[in-house]
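J.: Position chain E against the provided structure of chain D, taking the given hints into account.
2 protein chains.
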Amino acid sequence: MSEAPKRRRQRNSSRKPTIAWLEQPFRLLKSPIKPLDWLPEEKIEAIHNASMDILENVGMAFMDKQALDLWEQAGADVNHKTELVKIDRELLLELVAKTPSSFTWHARNPKYNLTIGDGHINFVPNSGMPFASDLDNGRRDATSKDYENFVKLAHTIPYFHFAGGLLVESQDIPVSLRHLHRTRSMVNLTDKAIKNVSHGYIIPEDVVKMLELVFGSPLPMAVTGGVVNVTSPLRLDDRMIGGMIAYARHNQATIVTPFIMAGATSPITMAAAIAQQNAEALGGIALCQLARAGSPAMYGGFAQNIDMRTGSPSFGAPEGAWGTLVAAQLARRYNVPFRASGSLTNSQVPDAQASLEANWSMWPCILAQTNIVYHAVGWLEGGLVASFEKFILDTETIGMMYHFLESFEIDTDSLAVQSIADVGIGGHHLDTKMTQDNYKSAFYDPVISSRQNFEQWEENGSKDALQRANSIYKAILEQYEQPHLDDSIKEALDDFVARRTEELKGVNLYS
Amino acid sequence: MSEAPKRRRQRNSSRKPTIAWLEQPFRLLKSPIKPLDWLPEEKIEAIHNASMDILENVGMAFMDKQALDLWEQAGADVNHKTELVKIDRELLLELVAKTPSSFTWHARNPKYNLTIGDGHINFVPNSGMPFASDLDNGRRDATSKDYENFVKLAHTIPYFHFAGGLLVESQDIPVSLRHLHRTRSMVNLTDKAIKNVSHGYIIPEDVVKMLELVFGSPLPMAVTGGVVNVTSPLRLDDRMIGGMIAYARHNQATIVTPFIMAGATSPITMAAAIAQQNAEALGGIALCQLARAGSPAMYGGFAQNIDMRTGSPSFGAPEGAWGTLVAAQLARRYNVPFRASGSLTNSQVPDAQASLEANWSMWPCILAQTNIVYHAVGWLEGGLVASFEKFILDTETIGMMYHFLESFEIDTDSLAVQSIADVGIGGHHLDTKMTQDNYKSAFYDPVISSRQNFEQWEENGSKDALQRANSIYKAILEQYEQPHLDDSIKEALDDFVARRTEELKGVNLYS
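Going line by line, the protein sequences match chains D and E.
First residue of the first sequence: 1221, per the working numbering; consecutive thereafter.
First residue of the second sequence: 1221, per the working numbering; consecutive thereafter.
Calculated from the structure, these hints are not laboratory results.
Copies of the same chain look alike in the list, so a pair counts if it fits in one copy or across any two.
Pairs of lysine-lysine residues, derived as DSS-like cross-links and limited to a Cα-Cα distance of at most 30 Å, are as follows: (1) K1653 to K1306; (2) K1660 to K1331; (3) K1694 to K1683; (4) K1263 to K1250; (5) K1263 to K1318.
Next comes chain D alone, as it looks inside the complex (with noise of 0.2 Å):
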């Protein structure tokens, strides 16, 4: 059998790729360990006293008639002129308290329902980017087709606990109908947890008329929910605050996620931006209590600085670090579920820096216990391009951190003993039962990471990691199933999309 080594050769190169990853089943994910304490409680509590005194003396402009309307109900000091409002601490946090520390997000498929809260760690994929790219057709304006692939891409990787969300902006759509085309492409492409969007008061009823279609009405809290930011310093405008309360009101979730950049929209310390940030994610909080006591909420943490030689914001720095830490330590002092960011990265190509700095944004996410790790995958250029080969370079990451939160076990059986007596001093350990019964589970298996020596790398086309994520989100895409869904609810959706289409024509979204 001269042959054999040949023929061993070509099918080892020729062999298509093996994606471990869809071979995991789906599964909540928490961690063993208890969350980082970044900073000891006097800290926090400094931290604390100074957002309360901010929302207590400067106060938080709340740009929408409504909002102005319950916070005066509530008691607050409201302006409605200059639509200040000042919040004494008692009022406030006898809002926060009223959030829930941990609830359901539902999913069409019920095996797909999420715990929010209680320290478990849900992955989402990017959120809202205009331009996509992968290395066939280069950096572009997102499309549906975008959209759609990246939806079948979460819902076909068994990490990912949000398939739907705003992933892309479909630029082919006109603004308008861009959330009716998004809701359905969610709907019919994945029974996984959706997001969406929560801009005014058309959108979100929007979804929740076109969701009501698939849950019943009313809507079980949550099966929609979005992320509202505050137009740091301290002010929410009149199309975020519509969003959260049309929301709050059909009992779906609002995460409110001030956008402070250190140096631009608040002082140039990190301390501060992090006091500030805690004045407006509890400011909103308690909006979204007002509008419905028990209505679920979060608290989002995106604090970073501005980049002092380009004015930029900068993502994946120790400041964001700290950030997302510090965040994750108030929000449990408040015992409201958390929010931050996974894999953020200024790099315009997914090379070194981008997963370097992907890497400092997922590692304090995952110390911090994030309950929603937006952004988890594929950023590219401070969130301007969503990438498909960054996507899969980042759920390596992901797959990773699953594996090393789950995995380590220390008992008699592991701590093997008896087999390191029985191979005694010098041997080996490859053929031992114990190595053949378990090498296929024992370690994580991963999917873009080469181990090959060189000379194999070298003959199988000396490809890098950002050519072998090309590959692997392509093979992903081709195994994509499509889920069940009722023709009757495809029809009820398709005629909601027709008749809005015709009376949206000429709306103003937000006004």
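T.: Showing chain E alone in chain D's frame:
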């Protein structure tokens, strides 16, 4: 002045790279938080007991007459024929307890003296690679020129605590003479702390004699030291033991580092790998104390898993992260300084995989408060290749870690509530006095990471992180300044090297 915009753009794109790292002072590094306990105490005790069982009942081979005699005199159960030593836990722990929990590693320039232990984190560059690589010359046999360049980089960048060590193998120099050239190069090129190889009896004795020309005789504890790898399972060979005994007798440091691959040189669980590593590391540390009680010794953690597809060790994997965190916990239990590794990767090129895996090595090192972070930069290809660009890419992580650990302040000034009040609702902080006073030093200033917008980045040549790292390593080498060394010492070193070059002709260094 119609030319102004053009001229500014030209200056911008031809500007020499700013290397913020080099503006930093050299300093010792500690973490503001407690080391991370990955396992609860009872699991640490389970590992401890398993490893005590191994040393008592299976034993460990010490393949050296002097070592066996030392163990026999101490009262261990020694079989001179099989070279097997069985060690009671009482004897073992009594010996390990003689190890200094913290010691000073002396540099030629006292301002670079290091504290090893007591929560200090010290960074060491790559060590021992047969190949070097950079973008210009590719992957090649390492030479003494490469060796010198790595010393110069680590000397010039203030983040590195050690500038010397094995770095790369100078393959242009005969094996039996490399330690002479290496030692002379280090002493000539840097006055920071240095390490060396500790294999056999001859090399350490030569190194000690050369360093006595610099530091005087007898040497202070410690001015040099090295890693010995236990040949797992459970075996220290004569080459390793020679180095340990020779260095211990001169009060120099030994870093006992079993190289265990779970599934090959230990059972296929990380629990067993770590228990076996604990037995091997403690057995080696105890031998150092038998050779000289109170001599500086360290607990090295390097437990990885074998990759079941390729048979390679897996570097930068979740398994190695557990290995670092739990070995550090064990070292703290025994009050012995701890060493782990920081830039490990299997990647063939400095790409996203390399950066991902390097961060999976470094984050556990930092969380564990690793006293010596070996291989903190530069690794490629499972340690076969030292890459100049990877050196620089990994240094960005180290710079970020310094900032992360050192620079977060929470006090009345940094909380800046008055500044928040002054700017008020919806303003910005770009031109406040606080921003103007602090913008240069407020945030980590990256050297490699690009935060330019896409258009600026394109205009600057669309360079990825790897290409930028290539420019930066050359720019740093240009800024290298050789520290003063008395001519008399230089001559004495040259004389020693010349004499030993003659004497070592045809000598087996490890006989």
